[in-house]
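Colleague: Taken in sequence, the protein lines are chains A and B. Residues in the first sequence are numbered from 57 upward in steps of one, following the working numbering. Residues in the second sequence are numbered from 57 upward in steps of one, following the working numbering.
Treat the hints as calculated values from the structure; they're not laboratory data. Hints may contain errors.
One copy or two, either will do: identical chains are not told apart, so a pair holds if it fits within one copy or between any two.
Listed below are the simulated EDC-like cross-link pairs for lysine to aspartate or glutamate, each with C-alpha atoms no more than 16 Å apart in a straight line [as the list claims (entries may be wrong)]:
1. 477 with 157
2. 247 with 267
3. 469 with 314
4. 513 with 211
5. 474 with 276
6. 510 with 160
7. 513 with 291
8. 91 with 269
There are 2 protein chains.
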Amino acid sequence: MITYNFDNAQGPMYLHMYKCIKNDILSGKLKPKEKLPSKRAFARNNGISIITIQNAYEQLISEGYVYTLPKKGYYVADLDKMQGVAVDAKVDYDIKIPVKEEFECDLSSNRVNPDNFPFSIWTRISRNVMANRKEELMQISPTAGVMELREAIADHLKSFRGMLVDPNQIIIGSGTEYLYSLIVQLLGRDKKYVIENPGYKKLADVYSKQEIEYRYAELDDNGITYRALAGSGADVAHICPNHHFPTGITMPASRRYEVLSWANEKDGRYIIEDDYDSEFRVTGKPIPPLFSIDACEKVIYMNTFSKSLSPTIRISYMILPVHLANLFYKNMSFYSCTVSNFEQYTLAGFIAQGYLEKHINRMRLYYTKQRRRLMEIIERSDLRDVCTIKENDSGLHFLISLDTKRPDKEIEKRLAAKGIKIKALSDYYFTDEGSKQHLFIINYSNLDESKIRKTLKDIKKEL
Amino acid sequence: MITYNFDNAQGPMYLHMYKCIKNDILSGKLKPKEKLPSKRAFARNNGISIITIQNAYEQLISEGYVYTLPKKGYYVADLDKMQGVAVDAKVDYDIKIPVKEEFECDLSSNRVNPDNFPFSIWTRISRNVMANRKEELMQISPTAGVMELREAIADHLKSFRGMLVDPNQIIIGSGTEYLYSLIVQLLGRDKKYVIENPGYKKLADVYSKQEIEYRYAELDDNGITYRALAGSGADVAHICPNHHFPTGITMPASRRYEVLSWANEKDGRYIIEDDYDSEFRVTGKPIPPLFSIDACEKVIYMNTFSKSLSPTIRISYMILPVHLANLFYKNMSFYSCTVSNFEQYTLAGFIAQGYLEKHINRMRLYYTKQRRRLMEIIERSDLRDVCTIKENDSGLHFLISLDTKRPDKEIEKRLAAKGIKIKALSDYYFTDEGSKQHLFIINYSNLDESKIRKTLKDIKKEL
Numbered sequence: 057m058i059t060y061n062f063d064n065a066q067g068p069m070y071l072h073m074y075k076c077i078k079n080d081i082l083s084g085k086l087k088p089k090e091k092l093p094s095k096r097a098f099a100r101n102n103g104i105s106i107i108t109i110q111n112a113y114e115q116l117i118s119e120g121y122v123y124t125l126p127k128k129g130y131y132v133a134d135l136d137k138m139q140g141v142a143v144d145a146k147v148d149y150d151i152k153i154p155v156k157e158e159f160e161c162d163l164s165s166n167r168v169n170p171d172n173f174p175f176s177i178w179t180r181i182s183r184n185v186m187a188n189r190k191e192e193l194m195q196i197s198p199t200a201g202v203m204e205l206r207e208a209i210a211d212h213l214k215s216f217r218g219m220l221v222d223p224n225q226i227i228i229g230s231g232t233e234y235l236y237s238l239i240v241q242l243l244g245r246d247k248k249y250v251i252e253n254p255g256y257k258k259l260a261d262v263y264s265k266q267e268i269e270y271r272y273a274e275l276d277d278n279g280i281t282y283r284a285l286a287g288s289g290a291d292v293a294h295i296c297p298n299h300h301f302p303t304g305i306t307m308p309a310s311r312r313y314e315v316l317s318w319a320n321e322k323d324g325r326y327i328i329e330d331d332y333d334s335e336f337r338v339t340g341k342p343i344p345p346l347f348s349i350d351a352c353e354k355v356i357y358m359n360t361f362s363k364s365l366s367p368t369i370r371i372s373y374m375i376l377p378v379h380l381a382n383l384f385y386k387n388m389s390f391y392s393c394t395v396s397n398f399e400q401y402t403l404a405g406f407i408a409q410g411y412l413e414k415h416i417n418r419m420r421l422y423y424t425k426q427r428r429r430l431m432e433i434i435e436r437s438d439l440r441d442v443c444t445i446k447e448n449d450s451g452l453h454f455l456i457s458l459d460t461k462r463p464d465k466e467i468e469k470r471l472a473a474k475g476i477k478i479k480a481l482s483d484y485y486f487t488d489e490g491s492k493q494h495l496f497i498i499n500y501s502n503l504d505e506s507k508i509r510k511t512l513k514d515i516k517k518e519l
Numbered sequence: 057m058i059t060y061n062f063d064n065a066q067g068p069m070y071l072h073m074y075k076c077i078k079n080d081i082l083s084g085k086l087k088p089k090e091k092l093p094s095k096r097a098f099a100r101n102n103g104i105s106i107i108t109i110q111n112a113y114e115q116l117i118s119e120g121y122v123y124t125l126p127k128k129g130y131y132v133a134d135l136d137k138m139q140g141v142a143v144d145a146k147v148d149y150d151i152k153i154p155v156k157e158e159f160e161c162d163l164s165s166n167r168v169n170p171d172n173f174p175f176s177i178w179t180r181i182s183r184n185v186m187a188n189r190k191e192e193l194m195q196i197s198p199t200a201g202v203m204e205l206r207e208a209i210a211d212h213l214k215s216f217r218g219m220l221v222d223p224n225q226i227i228i229g230s231g232t233e234y235l236y237s238l239i240v241q242l243l244g245r246d247k248k249y250v251i252e253n254p255g256y257k258k259l260a261d262v263y264s265k266q267e268i269e270y271r272y273a274e275l276d277d278n279g280i281t282y283r284a285l286a287g288s289g290a291d292v293a294h295i296c297p298n299h300h301f302p303t304g305i306t307m308p309a310s311r312r313y314e315v316l317s318w319a320n321e322k323d324g325r326y327i328i329e330d331d332y333d334s335e336f337r338v339t340g341k342p343i344p345p346l347f348s349i350d351a352c353e354k355v356i357y358m359n360t361f362s363k364s365l366s367p368t369i370r371i372s373y374m375i376l377p378v379h380l381a382n383l384f385y386k387n388m389s390f391y392s393c394t395v396s397n398f399e400q401y402t403l404a405g406f407i408a409q410g411y412l413e414k415h416i417n418r419m420r421l422y423y424t425k426q427r428r429r430l431m432e433i434i435e436r437s438d439l440r441d442v443c444t445i446k447e448n449d450s451g452l453h454f455l456i457s458l459d460t461k462r463p464d465k466e467i468e469k470r471l472a473a474k475g476i477k478i479k480a481l482s483d484y485y486f487t488d489e490g491s492k493q494h495l496f497i498i499n500y501s502n503l504d505e506s507k508i509r510k511t512l513k514d515i516k517k518e519l
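Make a model of the complete structure from these sequences and hints.
Modeller: Printed below as a string of structure tokens:
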């Protein structure tokens with residue numbers, strides 16, 4: 057029978073007891089699966105109370121050193137099965153992280169230029185929020201987001217886009233991908249979706265991973281067609297009518313009414329209007345979104361601050377038609393809002409104090425200059441003989457058509473070998489089409505001018 | 057034929073043209089569906105170039121004022137269908153927001169006390185991050201979160217919980233609810249889930265909304281049983297072995313091995329170990345989680361900073377077994393991380409500089425005092441004759457058993473009428489059980505002591 061010395065015991069008796077037994081287990085004095093004395097016997101033997109030994113046993117059990125078998129007693133656990141407890145062991149796991157290749161010049165990335173983020177203003181507002189809004193910062197946000205931010209967004213949309221929105225229609229979330237998943241839950245998983253071909257490949261990834269049925273619909277020069285929508289058999293069309301990526305198509309008004317008429321033909325049909333980066337259409341005026349000409353609650357509008365501010369601040373929003381907003385509040389209010397209060401209040405201040413509009417205007421000017429500059433450089437380079445710039449109205453990129461006989465994929469590969477990342481329009485087709493024109497995408501939002509001339513030379517060489 | 061005066065035109069000609077036509081449409085001079093002149097005729101009549109009128113028409117089209125019919129021409133759109141464009145109209149939508157009742161004393165809320173948030177340290181670290189980490193702040197975070205935060209969490213888990221984790225196993229997300237949805241996508245929607253009864257009701261909400269098949273499993277005094285797991289026919293058990301809510305059960309080691317043996321019996325079985333608020337077990341030592349004694353990659357560990365820091369900062373994480381981490385990186389790397397870089401780096405600094413452990417220790421002490429104080433008040437009040445405190449090991453609450461013949465629901469209702477919100481344990485059962493004991497939950501994490509005595513008197517009166 058084990059006995060321990062309690063003369064030098066410090067603190068509670070059961071803790072001393074627990075340490076003694078644990079040491080004996082760790083040292084191997086007590087062997088795995090060895091039966092420990094009953095509480096009664098142990099207590100009698102050591103001259104302590106049954107409660108004390110019971111507490112010690114319970115602590116050992118809860119830490120995994122000891123286990124019980126019903127009606128049999130207490131046993132020493134097998135420490136080899138508790139590898140995690142031994143904190144000094146070395147971790148050597150074989151996890152493969154997808155490696156992102158680094159390129160000398162990346163024409164495929166539409167990342168915003170970090171130098172343009174309004175750090176000083178953001179820092180100041182954020183500091184003010186933390187100093188003066190402590191109580192609100194600690195109050196749990198409604199599922200749809202804090203009201204102050206939703207009001208600021210509604211005001212911004214009114215002055216900037218001529219959109220009339222009740223702040224309660226606005227749902228804040230940490231990224232559009234997250235909001236897509238809320239829409240899937242809101243409309244129900246039996247809906248069939250249709251996405252644009254060509255289009256934003258991530259949409260297909262998201263719907264695939266959600267195991268949602270989706271199809272592709274072809275575009276003509278004005279965007280998705282009524283015919284393609286009707287032919288798809290889908291219930292929900294996820295489209296970018298204001299700034300289609302990557303073609304840059306802006307859907308004209310007449311087509312908008314056609315698309316809305318498709319949605320109105322049947323109950324349960326909806327349009328997700330993804331307004332990704334329309335703030336930066338560099339030519340023409342901003343156009344009113346589908347949401348604004350929808351009279352029948354068919355359009356869910358989505359936008360994000362990823363482009364207008366930074367993709368590393370994860371705040372997006374969707375605007376639900378009234379009946380869907382009611383459905384959302386009824387069925388999905390149990391969800392927590394996914395954006396931190398700290399950033400919700402900071403962004404609310406940033407918008408309400410007029411800094412967002414200023415920033416967008418500044419960035420628009422900046423991008424217009426970048427765009428013009430890059431086009432000039434192309435037009436003055438040797439590439440101009442084999443390259444036609446396809447002006448388009450929108451976004452942070454334009455297209456060039458290259459005069460080549462090589463397949464798009466081969467050109468991409470040859471240029472990648474020279475440290476240049478470029479994507480063809482055909483990469484954004486989900487089908488085998490679109491590669492005859494040899495259209496390539498030129499993102500200029502974060503381009504290093506010093507590398508452009510060499511890049512253009514390299515492109516010409518590899519055609 | 058319309059003609060306009062160009063004498064006072066300022067800026068580009070097409071813009072003047074566009075404004076003239078738009079005014080005529082808005083004023084009603086040009087009627088809905090009225091055919092506009094062809095570009096050629098219009099140009100000739102006004103003595104301007106075809107390009108100018110084409111640009112004007114295109115702007116009108118893109119703004120929805122004009123539409124085209126193929127091979128027919130240009131028509132005036134119906135403005136009544138464009139209500140959103142008229143920015144001065146009044147929005148009067150009928151959106152019903154669920155109203156949250158306000159209570160004088162809320163024993164049901166386990167919100168943390170805002171006074172305890174370490175504002176000055178958080179502000180300082182956040183300011184440093186914004187001043188000195190501009191480049192990292194603008195770099196897009198890996199899907200799993202920025203490495204600095206994941207390393208800080210891995211270190212914290214090692215020193216605080218004795219857990220050995222590769223930072224690449226850690227996936228950061230904006231809340232556990234979001235992470236649940238990632239798990240559903242990772243494991244596939246054909247998996248059947250089992251949740252604890254009683255348990256955290258939100259889990260049922262989340263799985264319902266995701267349209268995932270789930271069942272309930274009964275608990276005994278040691279938590280979920282092998283028998284209940286085996287009988288459920290489920291593949292994935294979502295459990296809280298370290299601090300079950302609301303019973304407070306801590307699963308003993310022997311039961312842990314039983315639960316793991318269930319998972320190991322069949323390929324594709326997993327355990328989600330939700331470690332919600334185990335940092336605040338106020339009695340006993342923290343116990344090693346299931347994840348640490350799992351030798352066969354069966355356990356997904358989840359935790360959040362909602363309890364340890366604030367529920368209004370939306371940062372949670374899960375730790376995937378190696379083969380699931382690989383599956384995650386392979387199939388789900390297209391997702392953006394849902395937490396802002398600004399807060400990821402701030403939290404990383406907060407943890408790495410030792411403030412999280414300090415804060416947890418301080419809060420533990422604070423909650424222990426709160427708990428002891430509240431129990432003393434109850435034991436000295438008149439309520440003690442009809443009330444037994446059920447000590448439990450965990451979390452920010454304890455249970456009291458009330459001596460009453462009224463149903464739990466009736467007691468809740470009567471107390472609500474007096475401004476007291478209290479929840480019975482039976483509310484957390486998904487079945488009709490558990491109401492015989494009249495167990496009620498007392499959350500003390502954010503309780504106003506001045507209201508306690510009156511509350512206890514009211515409870516006694518309404519039994």
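Colleague: Are there hints from earlier that the structure breaks, and if so, what are their numbers?
Modeller: 3, 4, 5, 7 and 8
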